[in-house]
Amino acid sequence: MKKSVLSLAVLTALAGLASGAQAQSSVTLFGVLDLNANQIKNGSAGSMKGLSQGALNTSRLGLRGIEDLGGGMSAAFHLEGQINPDNGTVTSVFWNRRSTVSLLGGWGELRLGRDYNPSSRNTYLFEPYIGTSVGTVLNFTLAPTATLGSGATTALRTNNAVAYFLPKGLGGIYGEAMVAPSEGAPGNKYLGARLGYNAGAFDISAAYGTTKTATTNDFKQWNIGASYTLGSVTLKGLYNVHEYGALKQKTTALGASVPMGAGEFRAMVAANKRDGGTAGTGFANGDDSRLLSAGYVHNLSKRTALYGFVGRISNDGSARLTVDGSSPAAMLAGETSSGYQLGITHRF
Amino acid sequence: MKKSVLSLAVLTALAGLASGAQAQSSVTLFGVLDLNANQIKNGSAGSMKGLSQGALNTSRLGLRGIEDLGGGMSAAFHLEGQINPDNGTVTSVFWNRRSTVSLLGGWGELRLGRDYNPSSRNTYLFEPYIGTSVGTVLNFTLAPTATLGSGATTALRTNNAVAYFLPKGLGGIYGEAMVAPSEGAPGNKYLGARLGYNAGAFDISAAYGTTKTATTNDFKQWNIGASYTLGSVTLKGLYNVHEYGALKQKTTALGASVPMGAGEFRAMVAANKRDGGTAGTGFANGDDSRLLSAGYVHNLSKRTALYGFVGRISNDGSARLTVDGSSPAAMLAGETSSGYQLGITHRF
Amino acid sequence: MKKSVLSLAVLTALAGLASGAQAQSSVTLFGVLDLNANQIKNGSAGSMKGLSQGALNTSRLGLRGIEDLGGGMSAAFHLEGQINPDNGTVTSVFWNRRSTVSLLGGWGELRLGRDYNPSSRNTYLFEPYIGTSVGTVLNFTLAPTATLGSGATTALRTNNAVAYFLPKGLGGIYGEAMVAPSEGAPGNKYLGARLGYNAGAFDISAAYGTTKTATTNDFKQWNIGASYTLGSVTLKGLYNVHEYGALKQKTTALGASVPMGAGEFRAMVAANKRDGGTAGTGFANGDDSRLLSAGYVHNLSKRTALYGFVGRISNDGSARLTVDGSSPAAMLAGETSSGYQLGITHRF
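Residue numbers (our numbering), protein chains in the order written: chain A, 443 to 790; chain B, 443 to 790; chain C, 443 to 790.
Be aware that one or more of the hints could be misleading.
Repeated chains share a single entry, so a pair holds when one copy, or any two copies, can fit it.
Stated by the list, open to error - Listed below are the simulated DSBU-like cross-link pairs for lysine-lysine, each with C-alpha atoms no more than 35 Å apart in a straight line:
hint, residue 1, residue 2
1, Lys483, Lys662
2, Lys483, Lys610
3, Lys690, Lys744
4, Lys662, Lys610
5, Lys491, Lys610
6, Lys662, Lys744
Just so you know, these hints were derived from the structure itself, not from any lab.
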């Protein structure tokens, strides 16, 4: 998602830093603006039209750079934060998407700071929407109750993280591990890892993460994802489990993307099953949900695209999940949420 | 006001985007820092000295870019937010001045996001101060009661907007229309348009906008502005009306600007008339205000200028308008507000 | 600390600004990401591990530029704000480190906006840690009670400031003076100056600043600092006094830095003495503290370094100062605070 467009070589002469050894260093300013007209209908909460950001790609602004240290070593940084062009705001955490500094070498990468954790990264990579729109499986895994009421702050990204990434060139094997301290508060202390194998057309990866909470139970996420490209069709599958004490949420998704000329079709079916909670809370046995979604992306260039997405979540029992991740007070348990988004993405 | 200084060509080779068709694409980082020493006297609230930003141009930071899509089409984005160099803060909406993405072609421009709306844009363009300083007519139209207590959020800019701009080359005719949804809250739903004619030395434009509120009354703004350049003197005139139910505010302004060598003189007289409100609230018949202002801008370069502005608002009845747009609790109805600003603007 | 790495010449042709006179103009984007694994033990409040920013250099993002106005004059701006890459946040004042616009000439520099004030700048320059880490003397002078409860907002930086800097080429003499208005609130109105003499290996500077408060007593800071380079060893000494009515805090520090190949060793001893306060508050006679610290910086390049710092503050009487500037509620008066930091700094 880090489509670089404005890539600025470090002008070493001007900066007085000289030396040919740093000729490969660079700093890149990049971003995305994505806006769409949409209509969402959440059961008896009714229908609402709006202009929203981020259906194809989350709108963002970022800076990243890499410095050649010589001897096969590099230092790198990455700052990236969400922007909301519909109303000009940013998120309360300015560089909420990523803020890291890295050392890289033949031995891999040591990365410090805020970033996706291994167990969350292994979800959006294995669905055709890559984590956005009314169609994404994250409408299940990142619903308002993403961490099952555990108070874990690690549903998607983790602060204060020390992460290690395997180097490239291990015959298709890739992986990462992450540890983060509590810094004196519950919900922060994270330990997780991800291991995968990529053989060109076939890619499979599994991940596990655990977060300390204020109780004796840890919040746990584990999953396995795979993708397979057959001709022009790429199939993606994901099985993800969230656990907190007796509470369980199991999500299964199967999607496909098909490039056609300047465009790409996408479609997915997904199911969400919950168990272990008190009846009526939405977390008991039978509080299940199903997602059906499809989309089309039309590329005007490598940087700019038009798109349309449709999604529909039907809920059983006391489940109340929605296609926009909201939790509308007026929507009744078991009702259906659906919507469409028509928009434009521009990357720079 | 978007004086570009640092304009960076997209280095397509580095970014791996290649192709001559994108050679005209660019991303520009721009900004303004404007600080002035000032003294404002608001009737019996007394006099205060300060260092403030934005008398000649609002201090800001921005990024904008345009991509040539081929076939006469372009995609563009614009992010621009106010900064306050006097104390280092930014506004609560980071990109509060503009956050838009556009598609442009021979048919005009489709622009999505947050921006000035047609009815507000037609005010500051037709006064010599272009919306800033102790002299601006916006001290009337954007006073603390800009939308007459209607709760409309569209006094100056509008969120979630879908706007269309006429193309150039229509024989001097220009125009724009905007629609914005309520997104479930009162004060947001806007509909407006602006139509003008520019014949070189003569420019005239009228605009109308209406905003849904929590009551059955809409907040309405309409206005007509004109400018005429005679030799070195440019005259500007504006008539603006705000309406909300029985409440009315009518603003008339007549200004002039005269370039002289590296400098420019500016002067304006304006009158504000209110009607329809309860006696004592500042909105009844006779709660009128008059503004007298003048200024001088001395350009040190195309990017840097020194300036001085003076302004004076005299109030009748229960009116309490001030030259800095504040609403000092200690200032009595009918008192006079006046002040001066001596400062520097630097654009990059 | 403003190590420029990405320095972008103003592309005058693209920006349509042309002219050889502006050929020396430039805008520079710069920043620092500094993260460290650390452990701090604050007496009976116990020990905590964490990942924190800014032990070698405060993490930051900035923009600065200078424009040649011709005739020996220049205009310049500087925007710089802290970032916290450990969790992606920024500070509540976005450009909290500096936001200024300047006019420069043979007569010196006139600088408007938010910046260090003369009396605070004269502290961190005369210690080997330059104001950061568990080792810095700012753990005394910027402790939670930096301005002795006076409500002064000028402990480190000052808003709305008008500052004047002496020009270079005065035979080693340098200096600055600053004035800032109250803008109607106590704790803001500042007046201060700094005067120094630099004779190559020897540098000495004294400063004085006073801030109006809500009481009849001003908050006062004065200090004298000196450095002397003998062979490869640089010695730095500082004596700083804070006063507010009867309350006094006197800080003495003596440090050294020794470059060795690609690295640099640093060490310091410092003492903090307080007097004049009520017994038990930490500000009475005998509520003294001592700091012992050392560090090593290993430069991987001119932009990237690894580092390790250790610091220890022992407190007498009711003093409760800590190596991380925090004020842990559970730490008892007179206890010891100590910690280490192992990290990486990357500048761009």
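Here is how each hint holds up against the structure:
| no. | hint | in the structure |
| --- | --- | --- |
| 1 | Lys483 / Lys662 | both (32 Å within a copy, 30 Å between copies) |
| 2 | Lys483 / Lys610 | neither (45 Å within a copy, 40 Å between copies) |
| 3 | Lys690 / Lys744 | neither (41 Å within a copy, 51 Å between copies) |
| 4 | Lys662 / Lys610 | within (28 Å within a copy, 59 Å between copies) |
| 5 | Lys491 / Lys610 | between (46 Å within a copy, 31 Å between copies) |
| 6 | Lys662 / Lys744 | neither (38 Å within a copy, 42 Å between copies) |
Hint compliance for this structure: hints 2, 3, 6 are broken, all remaining hints hold.
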